[in-house]
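Peer 1: One letter stands for each residue in the lines below.
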Amino acid sequence: MLANYGFYLIFLCFICSFYGFASAILAAYWRHRRLYMSSKLAMTVTFVSVFAATVLMIYAFYQRDYSVNYIAKNSSNDLPALFTFTALWSSLEGSHLLWTMFLSCVATICIWTHSRDNEHIMPYVSAALQAVLAWMFYLAITHSDPFKATLPAPMDGRGMNELLQNPYMAIHPPLLFIGYVTLGVPFAYSIAALCFGDITEGWLKTVRRWALISFVFLTAAITLGGRWAYVELGWAGYWAWDPVENSSFMPWLMCTALLHSLIVQDKLGHLKRLSIVLSIAGFFLCYFGTFLTRSGVVSSVHSFAESPIGPNYLSYLAGLIIISSAIYAFRAPSILPSDTEKVWGVSKESALVVTQFLLISFAAIVFIGTMFPIVSEAITEQRISVQAPYFNMFAPWIGLGFIFGIAIGQLMRYQSNNIPYAKPIIFGSVIFAIPLTMVLIYFGDVMGTRKTYNLIAQLVGLYLCSWAIGCLLGDIYVKMKDLRFNYGLFFKRNLGYFGGWLAHLGVMIAIIGFLGNYRGLENRVTVKAGESFEFFGYRFETEAAGIQVKQNKNATLYTAPIHLFRGEQKVGDIIPAQSRYPTKDQTFNEIGITGNLWHDVYVVLVDFDRSDGKRMTFQVNINPTVRFVWIAIVIMCIGGMVSLFDLYRGNKSRDVVAGAWEVSK
Amino acid sequence: MKAIVLSLTLLSLGTAQAQELNAPDGNEAPAELAPVAPKPESADPLNPAAARKPTAVQDSDPFFREVARDLRCPTCTGLSILESDAGFSIQIKDQVKEQMQLGKSKEEIKEYFVERYGPWILREPPKEGFNLLAWVVPIVLLCLGPIAIWLLVWKRRVHVNTQGVRSNDALIAEMQERLKAIKQEKVG
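Residue numbers (the numbering used here), protein chains in the order written: chain A, 18 to 682; chain B, 34 to 221.
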């Protein structure tokens with residue numbers, strides 16, 4: 018019953034956002050301040066109603082109101098409280114609703130908190146955001162209606178997808194959506210700058226801020242998704258280059274490229290149009306990824322037409338790209354090239370351009386790899402697969418570029434062909450890297466866990482990462498020295514630099530972690546209860562009781578506790594298990610993970626004797642340096658957040674473009 | 034839903050293939066050489082691995098791992114059969130082991146699977162025909178990109194003289210020519 022109101026609320030949102038879009042356009046055209054105010058209010062009403070609709074949906078979930086089709090499909094009576102909440106985004110319609118809610122929230126914040134510098138372009142910003150919102154609401158009232166009813170209501174729901182009943186999956190989608198929608202603000206500002214015909218001082222600051230927020234959220238969200246795959250799926254990895262992962266990774270690459278091009282724009286005044294293209298491309302790729310994964314086009318071109326979402330998304334994407342390109346084509350000439358006297362030279366700006374190139378090529382390769390099976394099937398009528406080996410062929414080369422780009426680029430200075438202390442830092446790091454590589458080789462068990470064919474790649478990779486870390490440390494030392502170790506001044510003035518430095522350090526640590534993916538050991542053993550087995554210097558002791566049955570909320574767990582010893586010393590307990598949910602006649606892996614910084618001991622309970630539970634088959638993986646990746650991502654996110662608090666960057670544009678243009682006119 | 038339908042069709046396909054495998058075939062090895070899988074008396078619920086093990090090849094065999102890493106798990110997204118314990122993957126793994134027993138090389142085994150399941154079974158597109166494009170485009174991009182940047186960014190370098198006047202290469206050449214002409218006039 019309540020759900021009916023939900024539909025009306027969404028419908029109201031659609032009307033409001035459409036009105037808001039139209040009035041913002043007219044307000045921009047007539048320069049009509051009060052009409053624009055009404056558009057802003059329409060935006061606010063939209064947000065309030067969609068928020069109310071979301072709350073209503075959550076309330077209906079807790080009421081277990083199975084007359085709502087979506088709830089009947091994604092919830093059941095035995096679902097624990099936490100997952101009843103997260104069930105909201107466990108399927109298409111609900112996550113679409115959540116995404117729309119976040120977008121209207123961000124859009125409302127964005128249009129009410131703009132800086133005075135941007136006042137003249139705000140009607141366009143509002144129009145761009147509300148056009149997107151109007152389309153999302155249109156989808157929500159037609160093809161992906163979360164409040165669709167089934168009457169009579171069933172007694173019990175079909176249950177939430179069991180794989181998604183995991184704390185990481187609970188927070189991964191909202192974070193990803195926040196990352197996506199915050200990328201909408203740079204998009205709207207880019208469209209606005211094109212329509213208005215100029216980039217102003219405040220533009221850079223605002224776009225940089227939102228792109229940074231997006232960077233932090235996307236980084237965290239992608240990693241949590243990987244972490245979910247790691248602890249839930251049981252193939253001992255966290256990144257498989259599958260289309261779903263790729264489609265979240267491409268916006269991240271675009272967002273990162275945008276952050277770098279904004280720096281060039283700030284320092285040099287160049288690359289304004291590149292920033293605009295990257296903002297639009299990043300936002301487009303968010304929807305493009307959703308289209309790929311939700312329309313079924315990935316599994317086969319021919320399954321595309323089966324769901325009405327697919328063609329709708331396609332027309333939206335086509336509309337988005339055609340309109341954006343048209344605006345760009347007609348209006349880009351009005352974004353004048355910078356009237357700067359500054360030159361590129363062998364300076365940090367040039368290094369940033371190289372970074373752009375690497376990031377954009379990486380995105381292009383991921384895009385090609387993701388799209389190629391579809392294109393190939395459409396053209397040659399033959400199905401092919403593009404999976405990890407393809408991406409792993411190119412990714413290391415891009416990574417190599419990143420290592421050199423970060424190490425040397427970080428040392429370079431803006432507007433200067435001179436690298437201060439270049440020789441001592443670069444060659445000092447060559448020496449410094451040797452002991453660090455030794456430590457990594459020794460503790461990272463490179464010799465013990467290597468797979469035959471890529472030892473040299475491992476060693477070179479570790480050495481170069483160590484070298485780059487040496488360069489980064491040298492760089493921050495020189496920076497501090499220039500400030501005479503006045504830390505107060507450093508943290509007051511250089512948070513933008515420091516955040517970037519942290520993020521780059523994070524990338525290096527992450528690459529060391531990724532190298533661990535290319536080594537590792539695995540073993541499959543079958544033991545009787547109470548027996549023990551040895552692997553990689555560890556002794557795994559099973560309990561004599563064998564399989565123990567436990568009830569964990571709605572799931573029944575069949576656990577096989579293992580006590581892990583190294584010599585006589587106990588290292589820890591691992592509890593691999595299989596779980597069974599009442600809603601499905603299938604068991605799921607619950608992986609047992611323990612270990613230290615240098616490697617994870619990853620145990621999957623593959624099978625066990627169903628009659629008496631006295632014999633078990635385990636799959637044991639030793640995964641080196643996985644934790645490096647998690648730590649690195651935390652460092653990268655912290656870096657992004659630190660940069661966010663830099664009050665100076667972007668505030669004072671060194672190149673007053675708007676002024677120059679108006680004077681010359 | 035679609036994934037389930039897909040996996041079901043694949044599974045039925047797979048069993049059909051497996052039956053085909055048992056049928057005498059010109060390409061297959063003579064019967065006495067073919068490995069004879071001992072029929073398990075009863076389905077061992079504890080260890081299906083023991084029941085299905087048709088050959089002496091271990092899962093940890095490096096050659097087996099190398100081959101298995103390049104074949105996709107038909108029912109999962111993005112995984113190789115090596116990383117997957119789906120029913121269909123286990124079947125393919127057994128087939129790989131059988132083929133290894135026949136003494137085939139890595140390429141021959143892959144070819145065997147491509148014949149049966151199409152190039153779809155390989156985890157990367159074959160480097161021929163239209164699919165070559167997937168390999169060429171990134172390589173060209175990575176090689177030509179820096180050159181393009183070089184031309185676009187560096188060649189359009191703006192010169193700034195001591196008076197702060199901006200000029201470019203063409204302008205400088207023109208000026209120099211004029212200077213030359215003036216000098217020649219003076220000399221002449």
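Hints are supplied without guarantee of correctness; some may be wrong.
[Claimed, not checked] Simulated DEER-style distance windows between Cβ atoms:
1. P179/B <-> G336/A: 32 to 40 Å
2. L334/A <-> V169/B: 20 to 28 Å
3. G120/B <-> F28/A: 32 to 40 Å
4. G162/B <-> F28/A: 32 to 40 Å
5. I180/B <-> D499/A: 49 to 57 Å
No lab work stands behind these hints, which were simulated from the structure alone. Note that CB positions come from ideal geometry on N, CA and C, so glycine has one too.
Peer 1: Return holds or violated for the Cβ distance of G120/B and F28/A against the range 32 to 40 Å.
Peer 2: violated (46 Å)
Peer 1: Verify the CB-CB distance for P179/B and G336/A against the hinted window 32 to 40 Å.
Peer 2: With a Cβ separation near 35 Å, P179/B and G336/A satisfy 32 to 40 Å, so the hint holds.
Peer 1: Determine whether the Cβ-Cβ distance between G162/B and F28/A falls within the hinted range of 32 to 40 Å.
Peer 2: violated (51 Å)
Peer 1: Starting from the hint 20 to 28 Å, judge whether the C-beta atoms of L334/A and V169/B obey it.
Peer 2: holds (26 Å)
Peer 1: Could you say whether the range 49 to 57 Å given as a hint is met by the Cβ separation of I180/B and D499/A?
Peer 2: Between I180/B and D499/A, where Cβ atoms are some 36 Å apart, the hint is violated.
Figure legend: structure checked against the earlier numbered hints; hints not met, in rising order: 3, 4, 5.
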